[in-house]
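Work from the hints to combine the two standalone chains into their complex.
Now for the letters of each chain:
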Amino acid sequence: MIILRYAFYRLITMFLTLLLVSALIFFIINLPPGNYLTNQIMELQATGQDAGVAKAEFLQHEYALDRPLVEQYLIWIGAWPGPYGFSGMLQGDFGWSFEFDQPVIDIVGQALWLTVLVNLAAVLFVYLVALPLGVLAAARSQTWVDYTSSFIGYLGLATPNFLLALILFYYGQKYLHLPIGGLMAPELEGEPMSLAKMNSILLHLIIPTFVIGTSGAAAMMQRLRANMLDELNKPYVETARAKGLSPTKMLMKYPLRMALNPFVADIGNLLPSMISGSVLVSVVLGLQTIGPALLTALKSQDQFLAGFILLFVALLTLIGTMISDVLLMLLDPRIRYGERK
Amino acid sequence: MAVLPDGRYVDDAPYDENIDASAAERPDMDAPNWLLIWRRFRRHKLALISGLFLLVSYLMLPVTGFVAPYTPNERHADHLYAPPQGIRLFNNGKFIGPHVLPITATADLENYRWRYSADKTHPMKLEFFCRRGSYNLFGLIPTDLHLICAPAGATIFLLGSDRLGRDVFSRIVYGAQLSLTVGVIGITVSFALGIFFGSIAGYFGGRTDWLIQRTIEILRSLPELPLWLALSAAVPSHWGPVTVFFIISIILGILDWPGLARAVRSKFLSLREEEYVRAAEMMGAKPARIIGRHLLPNFSSHLIASAMLSIPAMILGETALSFLGLGLRAPAVSWGVMLNDAQNLAAIEIYPWTASPMVMIIVVVLAFNFLGDGLRDSLDPYKS
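Chains as they are written, first to last, in the working numbering: chain X, 1 to 341; chain H, 1001 to 1384.
Derived by calculation from the structure, the hints in this document are not laboratory data. Every residue gets a Cβ at the ideal spot worked out from N, C-alpha and C, and that includes glycine. Where hints are given, some of them may not hold.
What the hints assert, rightly or not - Examples of chain X residues lying across from chain H (beta carbon under 7 Å, computed): (1) PRO32; (2) PRO160; (3) GLN288; (4) MET329.
Chain H extracted, bound-state conformation (with noise of 0.2 Å):
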């Protein structure tokens, strides 16, 4: 940069006749908005992981014969209260590949509880892509394959064996497609619900809008783990383990929705003063293309972060109806139906593994939590 003798600046650069004046200063600004959404979100490296976890758990969900070694009600009664066995790759200091170690079980009778001991001396060589018991690919197409399998005389219990035999690591896999759809189910009920109403109460206001708060109101002062427990108990027992499946994330997300239709509603009632709302009125739009056209887009983003932050209440939820038999009942396999075979101390004295599907619980509750954060801070456009 050069400065003339009159104290201006003036740059160094020829005068070039073809560059284009109006081209924006920072083009790396001027993105569509989901571009610009990334980038900010991208910044937020837990929410970023998270993400990806859950991306990855959800996409298993079809597919969980097959990363599973076992079906879900597949009894070793050789290996009760089997501890977990890890997947080994050196035996005597050689390295032979991905193995386990044959493990036998011999009765303590003295603490009348079963002791294990590995084989040291037959390492077992793994399979994979092998054919073990058949379940439904993407529930539709039957099959035998899986990823990995014991061979034939060894087991493969990576998280330990539960109280009939039952691998955990498999039961968790199985489990997590039940605990993980009933938040989605349960959403999805709750968002029809609470925007709906929350749209009509906000947008129409007057005595709608009365109605609806004192509903609300209502539903509100009733502590929710009473009535999920009335409700469920209202589920009669001879239903199918799927049926009472969907009915518990619809009760689950029938109690949900008045916290997002007091959002809802207390938006609309700002964003109904404004200009855009007027002119498309005057252009003679009916109520329903207003909301879903007009109102609702500009809400979105916080609706999709309160999305992500109410799935772990409803998988909470779950986890504490079928803990106390009052939500999923075996055969169904969920995390809670597998907690409630472990609610007792001596499941967490001595065979801590059958508790683990609580690990996943935790994670991802938490992974919802940051990435509804993460989604929170980059959908909003004021925020730097």
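With the rest of the complex left out, here is chain X (with noise of 0.2 Å):
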């Protein structure tokens, strides 16, 4: 019952924070000094055509660019009426991407899901690794387990992304003939479903996933020795031993349960790190996700388009944080969010 009054109030908090993150989102892409379509414009009366202009000038009028800001944002959340009436976010109208010249969603539609994709595998990855290693290198602290593994870690956290992608690329397709580039075969782009897509979408997740969860796994599995070790160190472990349990059954028992807390906590933390490593290693990669996209749209100022994938990116990382939280709750009864009494 707490549990779920906690979730519900976290569900509450977490659309103020994202009302509060789309208007942070909507000023930062309006940073920058006109728009698009007064760029455009610019442009065009520069090279002498001005048959364009007027139709640049009706398109501002219409996507309602030429308002002052705050009624340019609350338009485009869908608060207010636009110029044909309330139609944003809030309606699933998502807007218009000048530079693709195509509805938002048209663009972004797949590559959305294939976004969670990379991400989901990314997250499962850093987990599955993380794990088993960290616990083995605290549990074997000062052998050369505990010092292979965190020299490892350490050349994971120092190595750019991009470049490891790059890199893993060249011998990945050298050697194991893994394949290059986009996230399934070409001639499978666009078919439904089915279990020759699966697998080439499985086969070409591998070097992203391996490019993106390095160093979140890197970190992760120093925390999870830590906190091993940590634990490692208190009175109960010892009793454990003293009373001859087995070391495996010792170690997963009781000080891998402690240390697994803040394991879960940190998806808060491990999500907008991998989201951000996944849109740098898709543009290195051209991987059809969101990055290349983002990329694109931010730097020529498309700010229907930007403003969608930063937005949709925050909404990913806040769902994420929201459930490690519950998850924390139900992992640990001792924590709970309540006041104090």
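Right, dumping it as structure tokens:
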């Protein structure tokens, strides 16, 4: 019951945060002077093509870009009537991309799912790698297992993601014949989901997952190791050992459960950095996620597209944080977020 | 040590009247704090080496022009994509001092690339303290003195040359000027903001705390990179490279402070209940004084260590931004800008040396991490 109430409370705060975030995003996107259309008008005027100017000015009126910024924002989220009545985020109309000359939803539609997929795979990778390695490094601390894993961890933290991507890409193709570029074989694009397509996607996911996950896994592993070491020094571990519990069972039963807390709580930190990583890596590897579209949109001030993508990314993060908070409460009965009595 | 018949132990040494009984038993422990820290730090060999490396790197920044054989944007049209040349000491089994072999390019029209052949019969001695391209020493004094340069008719590309025939080694050395300082400027901004907001939130609590906490939560829920992208896309493209550089460092700093502010806040929440804070308040000290004189010093060791651990993130951030073409732009030279040139498979397969700034980035980031870990351990007085 408490948990349900807490989840509900978190949901409400999440939407409030999202609202604030959307304002922030809109403001940041509009920081550069002018917008896509005014830039176009200037360019057209400079080259003397007056015919296009009238069209661009018409479009500017059409998308309410000639109104004050606050009004533009309210129209964008759908809380204020635009030229054609209420039509914004809240009404499910995500706007028009000037750069691609298509509705935003058509451009990012499939990319959204692939983004979620890539990030989910990366998060899974982080957990699958960091959990055993972190525990092992702590249990066998100051042996070669520990040193090797922390060395790899440090290296993972220090290598810029995008370079790791390029290098793995090259060697993966050369020695393992992993496919290059994209998230599926080109001939399968646009086809309905099938076993072959799934296979192809999985094969293409290997390198991106590895690249995006490495730094996160390294950080997580170090934290888990430190937590485990703290726990292993506590008297109850001594007692368990003295009672003759087998080392594996002792490790699994008590210290690991304690050390897992930050593991879950970290999703909130992990997710933003994963998504950052995935944007960068997508640009380098040419994955059809929202990364490349975001970069183009930001460079050409295509504000509706950029705004929608940023908002979506923020939403992903917020959902992740919310899930982690609720999970943490389920996992550890000592954690309650209410008032202190 | 002698044992008396009744089982007591007595020291054999004769009684000395002049001995100072109140002297510390371990005078080495009675040292100033910085000495104790230094002793603990010295034991972390890796951190020590990293610290020295970083010290040398940063000290080199003002005199880069002297160290680099070429200026960063000097082009050698006859030597595009030249491979790294080593400095040799022996020629035909005879020691003739440091020299290079002149290389000549031939076009390989089959694979469309340059092939270089070294002329072993004409070793050319390197010149030291020679005069070549001019630069500003310490950014102020115009001079043209270089530590080492190639004799006329030969080249010295320690790490090869790039697409436009520019010396990669010289560019790395010049790139360090921007790439290494970006973290320092960023961390200054981030610390100023983080300490300010963190300490007022932790010290005053209540409504201020709530407001700052929510701001932090919002900022932290946004993924860094897209936000960096958006903010740096807002930097007008007609601004000069130096301005862009400062703006980028400040942007990196602005987005980094929430983590620090949280740490400061949680520490302050417990520290403000201590007696000495109460005492200071009773004596009428203003909050600014209590925070600055009494609370922050308690926390400085943690701050230093976390600074060392945050700088690499900023260096990587600058690299990522420049790599995507949204950070620093040519003619500015930074490691990210250099990698931007090397961002294709051909560079890695055929001209791997153009990606050598990557090695520098990894080394510097690792060094900061090791140094930070070492400092954290040695600054903690409770750690044995």
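Violated hints, by number in ascending order, as checked against the structure
3 and 4
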